[in-house]
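Novice: Fit chain P to the known structure of chain S by using the hints.
Quick note, the sequences are listed as chains S and P, same order. For the first sequence, our numbering assigns the number 1 to the initial residue and increments by one for each residue that follows. For the second sequence, our numbering assigns the number 1001 to the initial residue and increments by one for each residue that follows.
Worth flagging that the hints you see were computed from the coordinates, not collected in a lab. Mixed in with the good hints there might be a few duds.
[To be verified] Computed spacing ranges between beta-carbons, pair by pair:
id: 1; chain 1: S; residue 1: 342; chain 2: P; residue 2: 1229; range: 16 to 24 Å
id: 2; chain 1: S; residue 1: 16; chain 2: P; residue 2: 1229; range: 40 to 48 Å
id: 3; chain 1: S; residue 1: 114; chain 2: P; residue 2: 1265; range: 52 to 60 Å
id: 4; chain 1: S; residue 1: 45; chain 2: P; residue 2: 1288; range: 44 to 52 Å
[Stated by the list, open to error] EDC-like cross-link-like pairs, simulated, lysine to aspartate or glutamate; straight-line CA separation at most 20 Å:
id: 5; chain 1: S; residue 1: 39; chain 2: S; residue 2: 76
id: 6; chain 1: S; residue 1: 210; chain 2: S; residue 2: 24
id: 7; chain 1: S; residue 1: 210; chain 2: P; residue 2: 1313
id: 8; chain 1: S; residue 1: 39; chain 2: S; residue 2: 121
id: 9; chain 1: P; residue 1: 1210; chain 2: S; residue 2: 313
id: 10; chain 1: S; residue 1: 39; chain 2: S; residue 2: 17
[To be verified] Output of the computed footprint for chain P on chain S, the stretches with three or more beta carbons under 8 Å from beta carbons of chain P:
id: 11; stretch: 89-98
id: 12; stretch: 194-207
id: 13; stretch: 249-256
id: 14; stretch: 259-270
What you are looking at is a predicted structure, and each value in this text was computed from that prediction instead of being measured. Here a beta-carbon is modelled for each residue, glycine too, at the ideal position from N, C-alpha and C.
Number of protein chains: 2
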Amino acid sequence: MTTAFAAAELRPIHVGDGTVTILDQAQLPYRVESRMLCKLEDAAHAIRAMQVRGAPLIGVTAACGIALALIHDASDSALAAAVDMLAATRPTAVNLRWALARMSARLQTLPPPARANAAWDEARAIAEEDAASNHAIGEHGRRIIESLAARRLPIAVMTHCNAGWLATAAYGTALAPVYAAHAHGIGVHVFVSETRPRNQGLLTTWELGKAGVAHTLIADNAAGHLMQRGAVDLVIVGADRIAANGDTANKIGTYLKALAAQANGVPFYVAAPGSTIDWQCSNGRDIPIEERDGEELRLVRGVPAAARIAAADMPVANPAFDVTPAALVTGIITERGVAAAQQLAQLFTNE
Amino acid sequence: MTTAFAAAELRPIHVGDGTVTILDQAQLPYRVESRMLCKLEDAAHAIRAMQVRGAPLIGVTAACGIALALIHDASDSALAAAVDMLAATRPTAVNLRWALARMSARLQTLPPPARANAAWDEARAIAEEDAASNHAIGEHGRRIIESLAARRLPIAVMTHCNAGWLATAAYGTALAPVYAAHAHGIGVHVFVSETRPRNQGLLTTWELGKAGVAHTLIADNAAGHLMQRGAVDLVIVGADRIAANGDTANKIGTYLKALAAQANGVPFYVAAPGSTIDWQCSNGRDIPIEERDGEELRLVRGVPAAARIAAADMPVANPAFDVTPAALVTGIITERGVAAAQQLAQLFTNE
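Looking at chain S on its own, in the form it has when it is part of the complex (with noise of 0.2 Å):
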């Protein structure tokens, strides 16, 4: 890990000692700002307010989290009070409670003044084996790329939001497969829908850009017709919370990318480490669906100040994920390898 931001190293968190720094993904791609996290406080807004983002990043930060509460006051209690703090930031992503339950597991077995160093080590170790989960998926990935190469080159990839490097500690998730590709010499170019309302997509391009990997950004109703038309190779996206059933919490949009996917005969993978599989939860029907702030959706930037006033009037529902039915789902690409979304079980049978 470095120990500052540099532009040749980007990360979207580093975890010193004592210290966070993430970047603040609110300000992307329009301007490349850090941020010192110093307080419990700070962590749970960062999370709340998406300067950080993406599942396996929200787990990491929560586990820095902890670690930021622990400095001042390692007690039981406090450990319990900054877990549900963060714990209520947000919902969907289960890599939140799952990074959580590690540390408190982790810490409560500890007396109170072998807390404090226990819990960086901790949240050092959750970043870096979800920066190796991450490698593995890229390489399990680039092959089901590399098996489709033979039809053409470059090879379309759809993506959705962004499950890159900024999404994780690093390499990314349905990012991490093209990232191998790109690096083993395979054609691949990346259709990047926009996602509205919060336009993740242009830190998608962002990052593509940065990686020199050609990409075009779509809106996200063109992703049908792209498909209709032949233009898309296979689609791969993250994943915020996998229920036991192969089921797919993700970001908002997904869903339907998954229909047309099927509908035309397009592969449909979804990249994810083992933390964002809730084996306590059977279905897809009992994964909580964040609802977020109208704002997102009515403030449409740079209209006069009366347009605005108006618009806060306007009725919005504002859902941030949906579900994907593991039927729709060609596979889930984790750190184990790829498994039939129904067979997710098995890779992790001896966990």
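Specialist: Below, chain P alone, put in the same frame as chain S:
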């Protein structure tokens, strides 16, 4: 027809005698501004720049463009040149071609001195017939909504883009049944998708707000989720061109809604007048799909100029329409009644 726009009686176009006034829809919903069209080029520009949009209104405006052209020169060559200029403005909406063919057929039989007056009469007739067709569409569609009202109230209708009175001479196509149901005291609630990249959903929320019809704005991405959760009773969209086999070209993203409707057992209706049916086009694959300027997607308003310059390099694909296969369409609501998409020709056999 009114002779000027009054707050109480807004119309998207007013065809006077030698004058045409439009509501500038590129300014809506933020500014309500009318614009005089004084010559052929004004009409062509209004269509191209989407100051007027919506297939039926494009047809009416094109007819007015011919009438404007003939004020100064009613020769055969001037007529042909006007038809050519207007036909080239936008490729997908067939009402444009239909209106131009009708104007040509009517005017070519007349000696040039008689053409100017006849052109205004014919343009007004096209507008009046469109209004009458849409009124009939409203009544036919209202019965569909009524038949669902036993299930629950209010009936939740999802639409896409704007196919209300703004898109036509009057009443609208997809929204005509909604307005008719509302006028008959049947509770309706409309889910309005934002419709990126041009945000025509905001035109729809503006229209519905003025009419006192309950509605909720959603991201295009949210359509599948809402249908999956049972929040939508039926989908009604307009059309830019319907092939003889019932395949329907409409605003980009319509196809994704049709897929989600089918997957979730939600009836999916297309509402359009006969002028939107292209009997020469046997199949949706033959419908030309307009590719619009990438700026529509690239320009994120309100960002600093430097960021805009960076965004100008961003590769963009921006197809404006997609084709929904007839098999996904529950029925097509026309002025002659409602037909299954594949049986559309039976409604129009005596033409």
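Novice: Compare the structure with each hint and give your call.
Specialist: The hints, checked one at a time:
Remark: the range hint 16 to 24 Å for residue 342(S) to residue 1229(P) is upheld by a beta-carbon distance near 22 Å. As the Cβ distance of residue 16(S) to residue 1229(P) is approximately 43 Å, the hint placing it in 40 to 48 Å holds. A beta carbon spacing of about 58 Å between residue 114(S) and residue 1265(P) agrees with the range 52 to 60 Å that was offered as a hint. Taken as a hint, the range 44 to 52 Å holds for the pair residue 45(S) and residue 1288(P), whose Cβ atoms sit roughly 50 Å apart.
Distance hint between residue 39(S) and residue 76(S) is fulfilled; the C-alpha atoms sit about 17 Å from each other, no more than 20 Å. Taking the CA atoms of residue 210(S) and residue 24(S), the gap is about 17 Å. The hint holds against a cut of 20 Å. Restraint check for residue 210(S) and residue 1313(P): satisfied, since their Cα atoms lie roughly 13 Å apart, inside the 20 Å limit. Proximity of residue 39(S) to residue 121(S) is assessed by CA-CA distance (about 17 Å); at most 20 Å being required, the pair is judged to hold.
Annotation: proposed proximity of residue 1210(P) to residue 313(S) holds, straight-line Cα distance about 13 Å (limit 20 Å). Our distance criterion of 20 Å between C-alpha atoms is met by residue 39(S) and residue 17(S), whose separation comes to about 13 Å. Look at the stretch 89-98 of chain S against chain P: 0 of its residues bring a Cβ nearer than 8 Å to a Cβ of that chain, fewer than three, so the hint is violated. For a cut-off of 8 Å, the count of residues in the stretch 194-207 of chain S with a CB near a CB of chain P stands at 7, and the three-residue condition holds.
Figure legend: the stretch 249-256 of chain S, annotated as covered by chain P; annotation consistent (5 residues with Cβ-Cβ distances under 8 Å, at least 3 required). With 3 residues bearing a CB less than 8 Å from a CB of chain P, the stretch 259-270 of chain S meets the requirement of three and the coverage assertion stands.
In this structure, only the earlier hint numbered 11 is contradicted, and the remaining ones agree with it.
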